[in-house]
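Trainee: Chains as they are written, first to last, in the working numbering: chain A, 1 to 188; chain B, 189 to 434.
By construction, these hints were calculated from the structure, which means they are not laboratory data.
Any given hint could be a false lead.
Unchecked claim - A few chain A positions that, by computed beta-carbon distances, are all more than 12 Å from chain B: (1) V47; (2) N72; (3) T81; (4) R87; (5) G175.
Unchecked claim - Beyond 12 Å from chain A on every Cβ pair, some chain B residues (computed): (6) G198; (7) V201; (8) V261; (9) T266; (10) H286; (11) R312; (12) G361; (13) G384; (14) K407.
Stated by the list, open to error - Ranges of calculated distance between the beta carbons of each label pair, as one might list FRET restraints: (15) B:I428 <-> A:L31: 41 to 49 Å; (16) A:E125 <-> B:E378: 43 to 51 Å; (17) A:E125 <-> B:V232: 29 to 37 Å.
C-beta: ideal position from N, C-alpha, C; glycine also.
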Amino acid sequence: MTAIDPAPVTRRPRVATAWLGGCSGCHMSFLDMDERLIELAGKIDLVYSPIADVKVFPADVDVTLVEGAVTNDENEHAARTIRRNSRFVVSFGDCATAGNVTAMRNRFTREELLQLAYVDLARGEIPTIPNDTTLAKLLVRARPLHEFVPVDAFLHGCPPSADEIWLAVSALVEGRKLELPAAYQRYG
Amino acid sequence: MAIVTLTIDGLAVSGRDDETLLSIARQHGVEIPTLCHLDGLTDVGACRLCLLEVEGSTRLLPACTAKPVEGMVVHTSTPKLQRYRRMIIEMLASEGNHHCAVCVSHEHCELQRLAGSVGLQSVRVPYLYPDKKLDATHPLFVMDHNRCVLCTRCVRVCHEVEGAHTWDVGFRGIKSEIVAGLRVPWGDVESCTSCGKCVSVCPTGALFAKGATVAAMEKRTAFVKYLVTARRSKEWVGDILEEGDE
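Throw the hints in and build the complete structure from the sequences for me.
Mentor: And the structure:
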């Protein structure tokens, strides 16, 4: 793992979490830190997250945890914005790290996938493939975050455990080198 | 057969000249990572994880097949070897569709364990997401080619221990795949005795028992060496129970 520069002492570390092509399970595990969240809240400013109502990814973020693979054009745009605006980017969980479940659709073409999901397996209503222009467009393949932007550290697991997230986040916000115990040095 | 002396990671050791460097290293407590090797089966040097550096040679030698030479100076864990081992695991990961979190062998997988031990953080080559098939035609077992690392343990145990030779390797290079019979559905192969040895020795979740769910497959491999030793030397010795067995 790469060492992070010590967080600026002049202000509290600005932390963000983002949810790309994933199931939100990594964020659920983040919430599983339970009472430690209170301690964390006292140390950081959470400037962007699915659990904070912020519409636009802000500038000058110290640490961003990114859940999910990059599976559509909106994810790709978000990944680039996050990288541009964050000093330290963490692939948060197996989908961000390796594609994982999100990438299981890669054996199908986008057309086959939409046909399967919205027509062949549809129940009840008249099957229609949604085509609203405001909807994000699927990329040809779902891919891990680091295939789009440089990533500074990886948290493995589906999801990473609350203890692992706690170790990683507390190290990063305190500007310490991120060194996880051997038990967390696993793949997938 | 003669005894030779050599140096492994600075340690002066001796061994028989018909043993492999892997065997000698392990007898002296030097651990070398392996994947295609399995105690009891013929070694084929397929996975390249056990590559060693030998002083005076520019070639890297696979420990599982290389024999010792008098005065040899061997290094098992140089930065270069560590880098190569990590690259091998990354390429194995990128060439399959492993999806560890939803695999029957999750947390009991040799590939996953190796990835951790070589310090894999992420796969730095692009994932290929190949279009691989799953063969569920056998009544008891499934072969999921998406998780196969082509170690050929299944091929060897079936041929050498069970004597059935149901499995073989078809095609070439990156298109290589394990085939049943003359590449027919597994369930149609009459030579298969349904003994399940291939399933037991498979290091990943490529071969598994029907009905196994996520993380449910734990493989047991010690029986291979036990059986082979018994046949060769008529000695029923060695461990058949493994770590974690009651």
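Trainee: Next step is simple, just say for each hint if it's right about the structure.
Mentor: Going down the list of hints, with the structure as the test:
no., hint, verdict
1, V47, "26 Å, holds"
2, N72, "16 Å, holds"
3, T81, "21 Å, holds"
4, R87, "19 Å, holds"
5, G175, "20 Å, holds"
6, G198, "24 Å, holds"
7, V201, "28 Å, holds"
8, V261, "30 Å, holds"
9, T266, "20 Å, holds"
10, H286, "6 Å, violated"
11, R312, "8 Å, violated"
12, G361, "21 Å, holds"
13, G384, "25 Å, holds"
14, K407, "17 Å, holds"
15, B:I428 <-> A:L31: 41 to 49 Å, "46 Å, holds"
16, A:E125 <-> B:E378: 43 to 51 Å, "49 Å, holds"
17, A:E125 <-> B:V232: 29 to 37 Å, "56 Å, violated"
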